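**Q** Here's the letter readout for the chains.
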Amino acid sequence: MTEITRRNALKLMSATLIAGAGVSMLPGMAFAAGTITVLNWQGYGTDEAWSIKAFQEATGIEVVHDYYSSEAEMLTKLRTNPGTYDLVVLNAARCAQAMAEDLISPIDYAKVPNISSVAENLRSNENFNKDGVGYAVPWVWGLTAIAMREGLPKADSYAVFGDPAYKGRVGLQDDAVGAIAAAALLTGQDMNNPKDLDLVKETLKGFKSNVKLLWSTEDQWNKSFAAKEFDVAMYWSGGAVRSRRVSKLPVDFVVPKEGGIGWVDGLGIPVGAPNAEGAHAFANWMIDPKFYVEWATKAGAPASANTAAMESLPADDLSRQIHKPEYISSMSIMSALPDDRREAFNNLWQEVKAFYAE
Amino acid sequence: MTQLGRIYLLAILIFLYTPILVMMAMGFNESQLYELPFSFSTRWYVALMDNQQLLKAGMNSIIIAVITAVISTCLGTMASIALSRRTFRGKSLLQLLLLPPIAIPWLITGTAMLVFFYWSGIGRGMHALLIGHVALAIPYVVLVVGTGFSTIRADLEEAAMSLGSTPIHAFFAVTLPLLFPSILGAALFAFAVSLDQFVISYFLATPGYSTLPVQIYSAIRKGFTPEINAISTLLLLGSMAAILIFARFAKPGDVRDKR
Amino acid sequence: MRSDAILNDAARGSSDPRQRRPIPAWVATTALLLPTYGWLTLAVLLPLLTMFVFSFMSATPMGKTPIVFTLKHYRAFIDQPYLINIAWTSLVIGFWTTLLCAVFGFLAAVALARATVGRMRETLLVLLLLPFWTNGLVRVFSWTMVLRENGFLDGVVDMVLPDIGSISFLYTRYAVVLGLVHGYLPYMILTCYIALSTIDDAIIEAAASLGARWWTILLRILLPLAAPGLISGAVLTFVPVIGSFMEPRILGGKVGVTMGTVIEDQFTQAFNWPLGAALSFTLLAVVLAIFATFSGVLRRGTTA
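Chains as they are written, first to last, in the numbering used here: chain A, 1 to 358; chain B, 1 to 259; chain C, 1 to 304.
Bear in mind the hints are in silico, worked out from the structure with no lab data behind them. Errors might be hidden in some of the hints.
[Unchecked claim] Quick list of in silico lysine-lysine cross-link-like pairs, BS3-like style, CA-CA up to 27 Å: (1) K154/A to K72/C; (2) K228/A to K254/C; (3) K72/C to K201/A; (4) K228/A to K248/A; (5) K254/C to K205/A; (6) K254/C to K208/A.
If you're wondering where the values come from, they're calculated on a predicted model, not measured in any experiment.
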């Protein structure tokens, strides 16, 4: 009896080995010519299934994704995986850092014809350019502000994060820059260069009894909101539209009197990208009005950097209503931080998180 | 007393299995956001069949585990022969050197491997994962095979030789068959260690080459659907099956217990 | 290489190999050991050495930043005092996890050894150990579905006591400890059971016939006899727990900040490998101190 089972086991093991060796050759074939690897947040435009399918039909290029859960992780992934990614979505505020570390290469705008209708102030944004050379295609802009459960009185200030009425009902973003920006705006400071960091720290610490969750991704935000883990949270403008429309969640997006925390996301091509040609084509696709309108109306999106794309959006569309054109000139926009300030921000946020965890 | 003991064991079993069963059940729930009430659906299993990234990672896990089992069993058995059947100076030091892969938190071993492989140009990816997994599995193999050795009397081999058998013949005719269950047990053990390994894989995987646990972790952090439940269910059932096969070979309370 | 070793055996003839130690035997031993120890050197020892060197660098040696050697990362606990709180949290989580595992694991081992026999015991042992061999990450993920608000636990509570509301405790330290206990309990059951299975029934019968109550037997006889198993189980639980990062991340949410997550952040997010290395070695020093404390018992436990 044991003899037989032993022999069977050997057979089984060798069969597995052979099967394994056979299958290991498959992925190599699947990833042959015409692939680009995109590094982005999960569920943020580039990975819409219908768009990837249409893009592949139009160009023959297959789009695969890798995701990050914070902008710091995005940079580290670029640093430790040279020659892996073809296109990366990066916040303008992080772009300067990526340029300084030689992580992204100049864009060949001739291969991105749609750039012609991109707003000039975005295209020449100092964070996307170095020595007159552009390093990223401006893609979308939006704002981080407050999202609330439908039916609750609409908050008019970031002070709502400390409002005793929402004890244990608040979700903040686990991001040093975003959290500090909200506290800086609340205390009347420049969010990119708050003079009184101690005040920022104390303000954030003051939210402690309200903070239920530090979220890092949209997916996590949706799941927690659906499970009624919080009622009020920092959130992205485009995310709020998607949560409402795609996930059918009762979310209201509110911009407080201190103003939203603005950001611009660009598309960069990492140094050593194996398929820079395909990456340029996909970047062009991403700022095409056709893609944008479909993305914004089917799912929900921040505002396109492409003026033509914004204009082709129906006037009553939620994405358009949330992103009022005047914001782009009136709100504060996240900009590049010098190394020492970035480190100070990171240490401050680490300390606040440790305080929340106590 | 006996009754109380059995009720207690039942409670422990409920504690151990409840989350696993809930996780499996949620793989059959319609809602993408894991909302209740439960409504039965196999859509996530259907979606899984199209998820190349997860399927490929699952295949990678199995391939890595099989190769790890083969290499670590060969190497570990050889070392075990020397450690069990020979006397030499520095033996206890060598035995002590088997401990780091087990005793140092994997977080530290894993990050150290990342630093060294990066700095030395070995890089990351499949070969790096194999180097790491084999190193983790070897100590277990040496222990399991060593336990097997301790149950075989050395004088059997000598008796065979005194009856005219050559040492090679004695080893293959007497020792190896007796040792075989332990070696097979060690191989399955190594397979399970590798299949379950997450921490080291996490630091050594690349965007293009990762294993299932790494994919599951990054999905949990970056966004997931109940497809994760579906593949986890398959993974759990797979490794449970492997262990049940193992348990049939070496009776419980045999090889593993003497570790 | 194995055949080399055996050829050497052959050269020595049939006399007892352990009495004579000619040079070929030494060569054979080396040949048998070299692959394993070469591999471990490449995969474990050299990496640890490299990381030790890294821990003295001022920045990750990649890109354009000039590198100088510094001790500043080992000063992190002084420069960033909140790290002390985090380290303390990790130790507390490790302590509670180990304690709970020890209590429940020991009792389970006793129940297994005293209240079951034969096939039933075998089956139960396999069932108890089976989860240990399933993916730890998947098990932690499973708990999120049980513990979250309006999850399985809330559903059950709502069925029994509809008015009590949510008792969800996901994203608390309790959830982290619970997940860790779930992960390491089978280990503790195994080590305690091994220690208990060597106990002679006659001792317990003798004690019982002398009128000892069951708790006296439990505390005075079984506990001391199971001590080696308890201690090796405790060390083998505590060590991985204080280095854990995915359990606190997934189950702890905002309170899930431990030494493990801080170290992981240095490698995957902040890109401060030297600081991560220095923190790792600090953690390693703690682990080694624990090993040194219990080394005698451990040696008995691993060679028994």
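**Q** Decide, hint by hint, whether the structure agrees.
**A** Consistency of the hints with the structure:
1. At roughly 48 Å between alpha-carbon atoms, K154/A and K72/C are farther apart than 27 Å, so this suggested pair is violated.
2. For the suggested pair K228/A and K254/C, the alpha carbons sit about 17 Å apart, so the restraint of at most 27 Å is met.
3. For the proposed pair K72/C and K201/A, the alpha carbon gap of about 24 Å is at most 27 Å, so the pair holds.
4. For the given pair, K228/A sits about 14 Å from K248/A by alpha-carbon distance, which is consistent with the 27 Å threshold.
5. Between the alpha carbons of K254/C and K205/A the distance comes to roughly 13 Å, so the proposed pair stays at or under 27 Å and holds.
6. Our distance criterion of 27 Å between C-alpha atoms is met by K254/C and K208/A, whose separation comes to about 10 Å.
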